[in-house]
Amino acid sequence: MGSYLLKRLGLTLITVWGALTIMFVLLIVMPGDAVSAKSGEKAVGAAIENNIRVKYGLDKPLVVQYAKYWENLVQGDLGYSVQNDKSVNQLLSETAQNSGRLVVWGGIVQIFGSLALGFLSAARRNSVFDRLTSFLSIAAQAIPVFVTGLLFQVFFGVIPNQATSKFFKPFVFYGFLPSEWRFFIFPKDNWKTYVLPAVAVGIVNMAFLARLLRSSMLEVIRADYLRTAKAKGLAPGRVLLKHALRNALIPWVTAASLSLVEIFGIAVQTEFVFGISGIGSQIAESAQIQDTAPVLGLTSIVVLATALTMLLVDLSYSLLDPRIRVGDKAVA
Amino acid sequence: MSDSQTPGQATELRSDSASAVLKTATSVGDDLPEQLSSWQDSRQRFFKNKTAVVGLFILAVLLVIAVVGPFIYNGDYRAARNLPDIINGPERPGSPYGIFGTDSLGRNLWHRAVRGVGISLRLAVVVAFAGTILGMLFGGLAGYLGGWVDNVISRIIEMFYAIPYVLVGIAAITIFGPSFWTVFFTLVATGWLSTARLFRASVLQIRSQDYIEAARSTGASTKRVLMAHVVPNGLPPIIVSIAFSISGAILSESIYSFLGIGFIEPTPSLGVMIRDARGQFQTYPHLLFLPGGLLVLLTLAIVFVGDGLRDALDPKMRGVD
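Chains E and P supply the protein sequences, listed in that same order.
Each residue of the first sequence is one higher than the one before, starting from 5 at the first, in my numbering.
Each residue of the second sequence is one higher than the one before, starting from 3 at the first, in my numbering.
Hints listed in this document are in silico derivations from the structure and should not be mistaken for laboratory results.
Beta carbons: idealized from backbone N, C-alpha and C, even for Gly.
Incorrect hints may have been included.
[Claimed, not checked] Non-contacting residues of chain E with respect to chain P, defined by C-beta distances greater than 10 Å in every case (computed):
| no. | residue |
| --- | --- |
| 1 | Ala-143 |
| 2 | Phe-268 |
| 3 | Thr-303 |
[Unchecked claim] Coverage of chain E stretches by chain P, computed from C-beta distances (three or more under 8 Å per stretch; other residues unrestricted):
| no. | region |
| --- | --- |
| 4 | 16-30 |
| 5 | 281-291 |
| 6 | 305-319 |
[Claimed, not checked] A partial selection of chain E residues facing chain P, derived with a Cβ cut-off under 8 Å:
| no. | residue |
| --- | --- |
| 7 | Gln-69 |
| 8 | Ser-97 |
| 9 | Ile-142 |
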């Protein structure tokens with residue numbers, strides 16, 4: 005186990021190094037730098053330009069800048085945002101909480117939603133419920149998260165609020181659709197603002213995972229040992245829960261843990277749609293005005309979080325399934 | 003969805019299918035499934051899948067609209083009409099200026115959407131094929147050669163996976179500016195990874211089969227083993243993945259455009275139109291519904307077709323219905 009752990013750790017470090025180097029190279033090629041981020045369209049004199057470059061260390065050769073970037077990163081210094089006149093660390097502390105909440109809640113929705121939907125549609129196979137979830141699962145995979153997000157806003161925020169329309173009026177009146185639902189978009193109570201974004205984040209992979217769980221449960225249900233369990237007179241519910249679900253969970257766990265890695269990328273888009281000031285929307289904003297440091301610094305954090313998740317997934321996997329360690333072919 | 007079909011439903015579907023040829027072929031297949039080649043069998047099972055056929059139909063309609071549309075609606079879809087229109091704001095659907103209304107610059111929404119579908123499809127098809135070829139090349143090399151080649155390629159794939167692809171896109175598109183080719187290269191750069199992974203896995207599996215051993219022992223060259231055995235046998239999952247690459251590329255393009263870093267105004271990409279609608283959909287929901295609906299319809303149709311292909315090409319599903 006020890007040597008396996010060391011090996012995975014080494015591979016993770018290589019991955020992080022490579023990914024961050026790719027980003028560094030990409031961002032250095034970028035035409036704009038601190039000067040254009042600071043001055044915008046205005047032309048500045050050569051002396052001022054030079055001062056800015058010196059201030060942000062852009063006058064040094066690339067190799068030195070690259071070394072400096074790693075030196076700072078190891079010490080936990082992510083750089084300085086020219087546009088906001090703030091350190092990137094400060095930007096991070098402002099945005100990380102929002103992004104973190106979104107990712108965590110999105111993950112929870114995704115895990116528990118897919119468990120429930122997958123189990124129920126396998127248990128009630130070919131029922132209306134099953135067909136509906138199957139259809140919605142495919143649909144959820146085909147609809148980009150920003151369209152889901154905007155549609156959520158329309159149906160849970162705008163329409164109930166413009167409830168002058170005859171159709172929604174009775175619902176609001178009888179309390180089926182609380183009239184405060186618009187606060188999902190325009191925050192009033194803190195937690196409420198996370199409901200729709202978290203569902204939007206979670207729904208993307210929830211659909212895929214529910215389908216996976218359903219089909220692997222159907223496979224298990226056909227197996228001989230399940231017939232045995234039924235034949236010896238166990239209650240159907242118990243057979244499904246104790247025997248079918250437990251065995252069907254194995255492929256689901258793989259896919260679910262891998263999909264947790266993707267959630268960071270999905271969260272970036274969702275933040276933008278819902279106007280949450282998170283890491284992702286900050287990156288997009290800084291990239292548009294070519295403020296390199298925050299893009300690189302915040303991306304580094306996202307890459308580290310992703311790599312760490314991958315590592316944890318791998319390690320917990322090797323604990324669950326010893327064959328991976330022995331075979332030494334960690335194809336997660 | 004066809005994985006849920008019981009034999010009873012399969013019969014029901016079969017009686018629905020109109021083509022007499024299909025019926026004859028199906029009845030032959032029922033009696034003697036072995037006589038069909040695997041491709042014939044797959045084709046039959048694809049056309050028996052209702053969802054897949056519906057998807058194919060929608061896709062065909064959208065394709066015709068995207069190809070023929072621009073010849074019919076050849077008005078200017080980029081420039082604003084004139085000042086009073088802009089001041090009055092978007093026209094609602096059913097106005098004399100367009101059945102689906104106009105956007106905030108008084109441009110016909112339907113004309114723009116038709117061109118948007120064309121742009122999405124054109125880009126996605128090119129991206130999917132380029133990405134698939136690249137992915138097959140690297141995945142095949144990694145799987146077939148193994149050793150350090152496999153190690154290097156797998157590490158590179160992992161590195162790209164560690165950066166959320168939206169961020170790669172943000173960086174790349176900001177550098178090279180928004181153009182067709184920038185979006186193209188970004189989508190290919192992020193799109194080949196999954197194909198490479200998939201093809202590597204299936205090559206690894208095929209490589210250990212006995213028929214490869216047999217081919218080698220009869221003196222077949224590496225090139226022949228690859229072209230005559232490995233590639234044809236690894237192809238079915240790749241065909242499925244092309245379908246999903248196309249829908250993935252359409253989604254990614256719209257995401258980049260929506261975030262304001264892919265295509266930009268006045269290019270009538272669906273993502274651009276949705277971005278445009280973002281600030282106004284509370285008062286003018288049609289601005290969101292037309293491009294959003296077309297985008298969903300387009301990707302949904304492709305995913306349906308891809309799903310049908312997956313079921314049809316899966317040998318495990320053979321003879322199930």
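Verification of the hints:
no.	hint	verdict
1	Ala-143	6 Å, violated
2	Phe-268	5 Å, violated
3	Thr-303	5 Å, violated
4	16-30	holds (count 8)
5	281-291	holds (count 4)
6	305-319	holds (count 5)
7	Gln-69	16 Å, violated
8	Ser-97	20 Å, violated
9	Ile-142	6 Å, holds
Of the numbered hints given earlier, the model fails hints 1, 2, 3, 7, 8; all others are met.
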